[in-house]
Structure formats: C-alpha cells, structure tokens
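> Letter by letter, the chains look like this.
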Amino acid sequence: NAGVTQTPKFRILKIGQSMTLQCTQDMNHNYMYWYRQDPGMGLKLIYYSVGAGITDKGEVPNGYNVSRSTTEDFPLRLELAAPSQTSVYFCASRPREGQEKLFFGSGTQLSVL
Amino acid sequence: GDSVTQMEGPVTLSEEAFLTINCTYTATGYPSLFWYVQYPGEGLQLLLKATKADDKGSNKGFEATYRKETTSFHLEKGSVQVSDSAVYFCALSDYSSASKIIFGSGTRLSIRP
Numbered sequence: 002n003a004g005v006t007q008t009p010k011f012r013i014l015k016i017g018q019s020m021t022l023q024c025t026q027d028m029n030h031n032y033m034y035w036y037r038q039d040p041g042m043g044l045k046l047i048y049y050s051v052g053a054g055i056t057d058k059g060e061v062p063n064g065y066n067v068s069r070s071t072t073e074d075f076p077l078r079l080e081l082a083a084p085s086q087t088s089v090y091f092c093a094s095r096p097r098e099g100q101e102k103l104f105f106g107s108g109t110q111l112s113v114l
Numbered sequence: 000g001d002s003v004t005q006m007e008g009p010v011t012l013s014e015e016a017f018l019t020i021n022c023t024y025t026a027t028g029y030p031s032l033f034w035y036v037q038y039p040g041e042g043l044q045l046l047l048k049a050t051k052a053d054d055k056g057s058n059k060g061f062e063a064t065y066r067k068e069t070t071s072f073h074l075e076k077g078s079v080q081v082s083d084s085a086v087y088f089c090a091l092s093d094y095s096s097a098s099k100i101i102f103g104s105g106t107r108l109s110i111r112p
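So the sequence lines, in the order shown, correspond to chains A and B. For the first sequence, the residue numbers in the working numbering are 2 to 114. For the second sequence, the residue numbers in the working numbering are 0 to 112.
Worth double-checking, as some hints may not be accurate.
Here are the computed lysine-lysine pairs in the DSS-like style, where the Cα-Cα straight-line distance is at most 30 Å [claimed, not checked]:
no. : chain 1 : residue 1 : chain 2 : residue 2
1   : A       : K58       : B       : K76
2   : A       : K15       : B       : K51
3   : B       : K59       : B       : K48
4   : B       : K55       : B       : K67
5   : A       : K58       : A       : K102
6   : A       : K10       : A       : K58
7   : A       : K45       : B       : K76
8   : A       : K58       : B       : K59
9   : B       : K76       : B       : K48
10  : B       : K48       : A       : K15
11  : A       : K15       : A       : K45
12  : B       : K59       : B       : K99
13  : A       : K45       : B       : K59
14  : A       : K102      : A       : K15
15  : A       : K10       : B       : K99
16  : B       : K76       : B       : K59
17  : A       : K58       : B       : K51
18  : A       : K45       : B       : K51
19  : B       : K55       : A       : K45
20  : B       : K99       : A       : K58
21  : A       : K10       : B       : K67
22  : A       : K102      : B       : K55
23  : B       : K55       : B       : K76
24  : B       : K67       : A       : K45
25  : B       : K51       : A       : K102
26  : A       : K15       : A       : K58
27  : B       : K48       : A       : K102
28  : A       : K15       : B       : K55
Hint data in this document are derived by calculation from the structure and do not stem from the laboratory. The model shown is predicted, which means the values in this text are computed figures rather than measured ones.
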C-alpha cells in the first residue's frame, strides 16, 4: 500500500543549483500533479499530466520542468534554483477523468539559500 | 480561469463549538467542489465532495452544500473536537480543463480543549 511516494523529504539547495524531485505511484493512476505550498499559503499547481507522454502547465510553471515517460513516475526538475522556489512540494495522483479524489504524497520540503 | 476564495485564518474555537469555514468560487460551467484537510506534517486528504448543484457532501461530522446561486461551498461542523485542528482547503475541478484541480489558500483551524 505505498500510494504516492516522494523523495527526498528534505533538501537544501544553493542558488543556481539544479535538482529533481521524484514522485512515483503504484496505483496505476493516469493523472498526476505537482503542487507547491508556500508558508501560510494554499497550493499552487505547477504541472500536471493526464498520461504517459502528456504534460501541461499549471498556474506557476516557470522555473520547472516535468516529464512523464511511464505511468508510475512524474519527476519535477528545478533548473537554476532561486530563493523564490523555497516551498513544500506535493505530488498527487488520481485514477482518471470522473474519479476526482486526489491522493497526495507526504511532500518534499525544499530550501534554496 | 477558475478560482477559489476561502476565509482567512487562523480560526480558533473552543471544543464543542460550531464551525463554519467560508468558501466561494468563480467558475465557468459547473465544477465539482471539494474540501481537503491537512493534518500537521502530512499531505492533504479528501474530506468531502459535491459534484452538482444542491448536493451535500458529508464526512466525519463535516458537511458542505454546493450552492450554485451563491457560488459557495461552506464547510460546517456542529461540534468540533481538538482532533479537528488542521488546515482546511476548498478546491474545484477546473471546467476549462477538468484535469486541473484548483485549491484555495487554506484556513488553519485550532481547537482549544
């Protein structure tokens, strides 16, 4: 019963460094999402995917990239990290259209210093 | 695009008090509406949902009614417990792209014993 698994749980980056946040789900869900949650704020959608090979921008995509080569994995890439990207990142998935409950991972806390 | 507006927090109540957290939305068409809850240190969990006008979602003593005429989906509970302390998020499925789930800014609830 793994569900949605995110790694790492915590990371500190220096300005200008790059990294990949990993997300994998074992529920065979078609739809996957990346959100960021800034301190005291709500969730903002970064990117989402409706199936392998298909991705689309959300509300705040700048500074990020994603890929979806398999149904299970949806990594989020940060290029040239900036302090404004300090946040908690959540990956989520749901089965398909019409099945609207999102299943969330436990989050990755990222600090860019 | 579609959006969700929630009442600002934090909200502090005594145990057994009545709870209302306001949520209004802006949307083209008829989105599905959700309340998610985030307990400390965890990802979000679906609390309840409603998929059409006048539907009432309910779970764990919480209720919310989809009001199309006032574009609202207020969360209520008749008697809160300390264990209800959490952050509550209102959300909708974006009509323009039903794949998107858009969240409000969240309302932090603290219950005093």
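> List in ascending order the numbers of the hints, as given earlier, that are violated by the structure.
Hint check: 1, 2, 8, 10, 14, 21, 28 fail, others pass.
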